[in-house]
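Undergrad: As a plain string of letters, each chain reads:
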Amino acid sequence: MLKPSSRPHWATKSLSADTKTPPEGEIEMGNSKHLGLWLLAPAGVFVFLFFLAPVILTGVFGFTNMSTATGITGGAYMISDTSMRPLRSRYGENELADRLTQKVYTIDDAGLKAALEAGGDAAAIAELGDKFLDQSFDRRRGVETAIKSLSARPSTTRGIKIISAQFERSVVNVRFDSKEDLLVAISDFGIALNEGQTEALGQVAYTGWTFTTQNFKTMIELPDTSKTLINTLFYVFTTLILFNTGFALVLSITTHYMPAGPAGFFRSIWLLPRVTPPVLYVLMWKWLAWDTGFLSVVLEPMGFAPRNWMLDSPANAWTFIILINGIVGASMGMLIFSSAIKAIPQSLFHASEVDGANRGQQVWHIILPQLRWPILFITIYQTLSLLTSFEYILLATDGGPGGATEVWALSTYLKALSNYGGALQYGYGAALSLVLVIIGISVSLIYLKLFDFKNLTAPPKIE
Amino acid sequence: MSTNYRRWPTILFLGILTAPLVLMYVYLFVDTITNSPPGSMIPNEFTAEHWRFLTETIPGRPSIWLATWNTFVFATVTTVIVLVVSSSAGYALSRLQLPARSFFLGGIMVLHAFPTVTLLIAIFLILQMLGLYNSLAGVILVKSALELPFGIWIMKGFYDTVPWEIEMAGIQDGASRFQVWTKLVLPQVKPAILALGIFSFLAGWSEFILPLVLAPDNKVQVLSVYLAALIADDQNFDMALFKSVGIFYVIPVIILFVFFQNRLMNIYSGGNKG
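Those protein sequences? They're chains P and G, same order as listed. Residues 568 to 1030 in our numbering are what the first sequence lists, from first letter to last. Residues 52 to 325 in our numbering are what the second sequence lists, from first letter to last.
Honestly, I wouldn't trust all of these hints.
[What the hints assert, rightly or not] Now the stretches of chain G that chain P is said to cover, found in silico as 3 or more residues with beta-carbon under 8 Å: (1) 135-143; (2) 167-178; (3) 258-266.
[Said to hold, decoys possible] Simulated pairs of lysine to aspartate or glutamate, EDC-like, Cα-Cα distance not exceeding 16 Å: (4) P/K853 with G/D284; (5) P/K670 with P/E735; (6) P/K853 with G/D289; (7) P/K853 with G/D285.
[What the hints assert, rightly or not] Some chain G residues flagged as far from chain P (calculated, every beta-carbon gap over 10 Å): (8) T85; (9) F97; (10) A99; (11) T106; (12) E107; (13) G111; (14) R112; (15) P113; (16) S114; (17) L117; (18) F155; (19) N185; (20) A188; (21) F293.
Hints listed in this document are in silico derivations from the structure and should not be mistaken for laboratory results. For each residue, glycine too, the CB sits at the ideal point set by N, CA and C.
Let's have the full structure, built from the sequences with the hints guiding it.
TA: Written out as structure tokens, the structure reads:
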């Protein structure tokens, strides 16, 4: 770092114009190797936290049964109806399950103390302790019979019930932080477990998530999966061919044959859907399709009953989905193809006109060959984005009617993050996303091959 | 261009294709200030009633001004983070000797192409674990991170076009590389910073999925989520109200689009998700 006094003339001059402050603190090194790492570090932190970690965790979560029921930070151990079901069915421990879910009434010091605090008759409680300490009863009636047998028995039924209620002992629906705590409680409860039972109980009583390959089995077995897959392929390729490349070509070629004024006008109009926030853009389509919307009002005199044109049939839903996504997608192709066409030397067009070529021949022999690479670029790029983005479908049809427009990416969202389906299945959703993540990484790597990578990584000239 | 051909057929052809889109946008504006009789699309009166949401809070929704403020904070802070991090990382990748430089470059390129929305579930769980779920800070960090590969890539591209001679001269005058960057190179890429800034702001302002999943709470709700929730509520269906909220929401976008259309066209064709 230079001292201010030795600052060269250019530095003082540009100092006032420069409003950017250096990132965190002064960097003291002239060595640009370290400077580079410093400048890259913040980006590295972001990339690690929100790219690398999520990629890895998607893989990890995909192999868990994580859901709203299991929580995400690990769980507790609990005896409950839910956890006893697998104990009976998977381990055949019916008797153990019965005993664990039973309530037991034991006359102990803690119970006696609690009975006093609850306002029970002191003399009766003292006598109960003397005569029945450490005795257990299967039912509350047993305790109450014992109380009634006392000489200092309370005069009212309520007095008896206040005392008897304090001796109920149960391990059901109590959360234990560790397996050891649970086992201690069970042995205090008077049940001795053998090794196999301890193992089984540890498995079934755990409320947190566990590792499993079940998600992938479910994915293969469910008929929904293949339907979603077919939907996805249909959606991606139809939109891609008709709009993202097809209509984009139409837009760029027609505006090419126009004076600059109208060309700019049309390009701006067709860029609007990309600039319009998705929520508002889809709202316009909903207005068009709603049962009191534009189409219904305009088509009613022609004998079509008003209806929600977007959701009344799968075919209509798909038409809208493809239009909504395709028009946004087409604008990107339009811009890229237009600039590629602009790069074609004018002389080529003039020469071909002199030779008597018509417009169709110009398009076929001059324009399209020039667009080969841009078309490839758009195809790969848009395949990936159509495959993974679900924003517009979510807003427009939410996968409806009846799941007809549910694509893979949307289904990951609906399974894992949308409240409508009841419990959120994070694990299953992550497993579904993992498929997309793997496709995403593979296609992104193809990019590296397609770009002129050596050129991009030419070494710096000052070292 | 190609003056030998008649122009009006192409203009007519594209005009017909464009008409429905124009119609949708025209009605988007018209419906917010007029009423039409039932069963007709032709307005018969002007009204300001669809804009009443500006003064009275819609039941069950946060105040529109709170949502606007949240959106503003979200878009602005995201933009600042993206600009600071991208302009430094972009410079490092463009000009500085780094260990494993080609690995970093390749990595940024892969990240740029990678569809980030697939990571949503994992990011949701990470924010839950970090305790940043349902907070603006959390969703700002995520949005900035997801914009970064694009930002770094764009900035690197712009730095690449700055002549080396400028830096050589700076070094010869005794400046450090850091000074060369801040005092000489950054002023050269001001247009890039402006373009990336506008783009990031618009991206933040329009973002829907991330706030929907990561910060849906009324207190931190942004306008996109606010509007979507309004539309999804079957109890109060009022298309004109939705459109008015939508127009209110989109005002900054319109302003930026009108003033910076050409810059945006350039940066959009540089490739972004969608």
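Undergrad: Are the hints correct? Go through all of them and say.
TA: Verification of the hints:
no. : hint               : in the structure
1   : 135-143            : holds (count 8)
2   : 167-178            : holds (count 11)
3   : 258-266            : holds (count 3)
4   : P/K853 with G/D284 : holds (14 Å)
5   : P/K670 with P/E735 : holds (7 Å)
6   : P/K853 with G/D289 : holds (12 Å)
7   : P/K853 with G/D285 : holds (14 Å)
8   : T85                : holds (14 Å)
9   : F97                : holds (19 Å)
10  : A99                : holds (20 Å)
11  : T106               : holds (22 Å)
12  : E107               : holds (21 Å)
13  : G111               : holds (16 Å)
14  : R112               : holds (14 Å)
15  : P113               : holds (16 Å)
16  : S114               : holds (18 Å)
17  : L117               : holds (18 Å)
18  : F155               : violated (7 Å)
19  : N185               : holds (13 Å)
20  : A188               : holds (13 Å)
21  : F293               : violated (6 Å)
The structure fails to meet hints 18 and 21 from the earlier list, while all remaining hints are met.
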